[in-house]
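*Asks:* Here are the chains, one letter per residue:
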Amino acid sequence: MPKTALFVALSLATVGGFGAVETASRAVAQTGIPLLAVPRGTPRPAPAWHNKSWLNTEEPLTLESLKGRVVLLNFWVFTCYNCTNTVPSLVEFDGKYRNQGLTIIGVHTPEFPPYSGEHDKGNLQRALEKYHIEYPVTQDNDTRTWDLYGIRYWPSFVLIDKRGQIRYDGAGEFHVGDTNYQYWDGKIRELLEEQ
Amino acid sequence: MGIAALVALLACGRAEPQAGARRPLVLHTTRAGDSLRLELMAATGWKINARLKPVLESSDGGLVRFDSPLLTPDSAYFTAPPVAVVAASGSPVRGTVRASVCAAGESVCRVVALEVRGER
Numbered sequence: 001m002p003k004t005a006l007f008v009a010l011s012l013a014t015v016g017g018f019g020a021v022e023t024a025s026r027a028v029a030q031t032g033i034p035l036l037a038v039p040r041g042t043p044r045p046a047p048a049w050h051n052k053s054w055l056n057t058e059e060p061l062t063l064e065s066l067k068g069r070v071v072l073l074n075f076w077v078f079t080c081y082n083c084t085n086t087v088p089s090l091v092e093f094d095g096k097y098r099n100q101g102l103t104i105i106g107v108h109t110p111e112f113p114p115y116s117g118e119h120d121k122g123n124l125q126r127a128l129e130k131y132h133i134e135y136p137v138t139q140d141n142d143t144r145t146w147d148l149y150g151i152r153y154w155p156s157f158v159l160i161d162k163r164g165q166i167r168y169d170g171a172g173e174f175h176v177g178d179t180n181y182q183y184w185d186g187k188i189r190e191l192l193e194e195q
Numbered sequence: 001m002g003i004a005a006l007v008a009l010l011a012c013g014r015a016e017p018q019a020g021a022r023r024p025l026v027l028h029t030t031r032a033g034d035s036l037r038l039e040l041m042a043a044t045g046w047k048i049n050a051r052l053k054p055v056l057e058s059s060d061g062g063l064v065r066f067d068s069p070l071l072t073p074d075s076a077y078f079t080a081p082p083v084a085v086v087a088a089s090g091s092p093v094r095g096t097v098r099a100s101v102c103a104a105g106e107s108v109c110r111v112v113a114l115e116v117r118g119e120r
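In the order they appear, the protein sequences are chains A and B.
Just so you know, the working numbering puts 140 at position 140 of the first sequence, and the rest follows in order with no gaps.
Just so you know, the working numbering puts 74 at position 74 of the second sequence, and the rest follows in order with no gaps.
Excised from the complex, chain B in its bound form (with noise of 0.2 Å):
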């Protein structure tokens, strides 16, 4: 099984939410037979808006939403990575991820998007 973890990095905006915090999201995928799992990490310090869930946009113009069942109380925020699954097989994977996180504790989010280009 082979794994890739990558960064997804987006860092700008006025207000830097936390020192070190600069890489909001990891990308995750694992390969599962014919299956390729994306699982969203939000980096230390970050949360993923849960309201507006994280979207694979394919450029072959399909949709491919991150989910997770376990949130906050208010049902804001994931509590475990989200995750969305694509077929692994035939042409590579090629989009943008969306997503919308928070820095924890403080007044101000982002909204990434990280152009993913997967080859096999």
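The following block holds chain A by itself, in its conformation from the complex (with noise of 0.2 Å):
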């Protein structure tokens, strides 16, 4: 009878080239507790972000491009059970305000390594098309945004004003209807109507 020892150790380092990002930080919301926006008091700049691959838009999207709308950053990856739970309310949104004046922004932030197809485009756009996405999408293969923005959960949001100023943030599925939705709705309703 062979004698086995394993040793397992923690690690919190960045392990498997994945960013500089502890990955054990990286979280994913499922359903359940409503992790809303809490505004942070304050408005504060949104930060500038830099993607370059883009889908559902001819050229890349810019902060910069889109003062004068309200911008609502929806961090998520296609393998996140919990983010394509939520898109139907995006799809929604996207629906209702893009006339009035929202960008929806999907930031498509990996969970695993390259190893695991979510990095690939032509994954990413064949999830577009099953989840019937039609706002931008860019892919944020090496969390560059994702950091940028602080983020530590799936999905995650980040609701900036006219202005290019953070009011609101949060995380967690929500659907068509809820109080979560509702509450988003409400926020997005309010940065539309001001000046």
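Hints are supplied without guarantee of correctness; some may be wrong.
[What the hints assert, rightly or not] Derived DSS-like pairs (lysine-lysine); straight-line CA-CA distance at most 30 Å:
id, chain 1, residue 1, chain 2, residue 2
1, A, 162, B, 47
2, A, 52, A, 96
3, A, 162, A, 52
4, A, 96, A, 187
5, A, 130, A, 96
6, B, 47, A, 96
If you're looking for bench data, these hints aren't it; they were derived computationally from the structure.
Join the two chains into one complex using the hints; note that each chain is given alone, in its own frame.
*Replies:* Below, the structure is given as structure tokens:
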């Protein structure tokens, strides 16, 4: 009978070449408790992202080019059940508010290294088709935008006003018509009504 | 048959899903002949994401995925511990186990990365 000893050590390092963020601190939201936006008091400037790979838009969107519009960033990944469960709500927001000045941007940030297929643009395109996503989506394969915004959970949301200020943020799955949906719906309308 | 039941713990993140749930995963290993069976157990109150199957990333570059045929009806989570089998002969098992775990009944899950160092 062989004697086996296996040692498992905790690793909070940036294992797997997955960027500079501690892998272990990443999280995926799941149905259940609302982890909704808690306004942080004073608005703060949204940092400019520099993502190069985009879908559902002819050219990359920049924060500067979106001044005058309300922007909802959704950090998600197609392997996250909670993220895809939330997509119908975002699709509805897009349908209701795009013409009133809302731009939704899906920031697709992988959980696992590239072997998972999450980094593949073709896989992402198929996910957009599957979930009927027509709003712009950008690949955040190096997690730079995720890190830039200090995101920790999938799905997460950052709501930016017409002046480029972050006004609300939060995380967690929601569904069309539920309390959390109504919360976000109200915040979007609030910012759309501002001059 | 030697069994090493070892805890894999990563506790961090903004929202602690549940009190006492700071150790979301336990890795059980069982030696069976020339194979080493790795079983990833979710601690009470946690679920393992089946859409993104846990992986053992060996230090030699190999990948071994954990799997189980028993899933929730929506295929989102494992309902039985996913298992990976690796050859027990040869060099020691070294690498990283990566898994996405979700706190049952709450809205936050985590990605955990566990460094595994095995010696025989």
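*Asks:* State for each hint whether it applies.
*Replies:* Hint by hint, here is what the structure shows:
{"no.": "1", "hint": "162/A x 47/B", "in the structure": "violated, 40 Å"}
{"no.": "2", "hint": "52/A x 96/A", "in the structure": "holds, 28 Å"}
{"no.": "3", "hint": "162/A x 52/A", "in the structure": "holds, 23 Å"}
{"no.": "4", "hint": "96/A x 187/A", "in the structure": "holds, 14 Å"}
{"no.": "5", "hint": "130/A x 96/A", "in the structure": "holds, 20 Å"}
{"no.": "6", "hint": "47/B x 96/A", "in the structure": "violated, 35 Å"}
The structure fails hints 1 and 6 (numbered hints given earlier, in ascending order).
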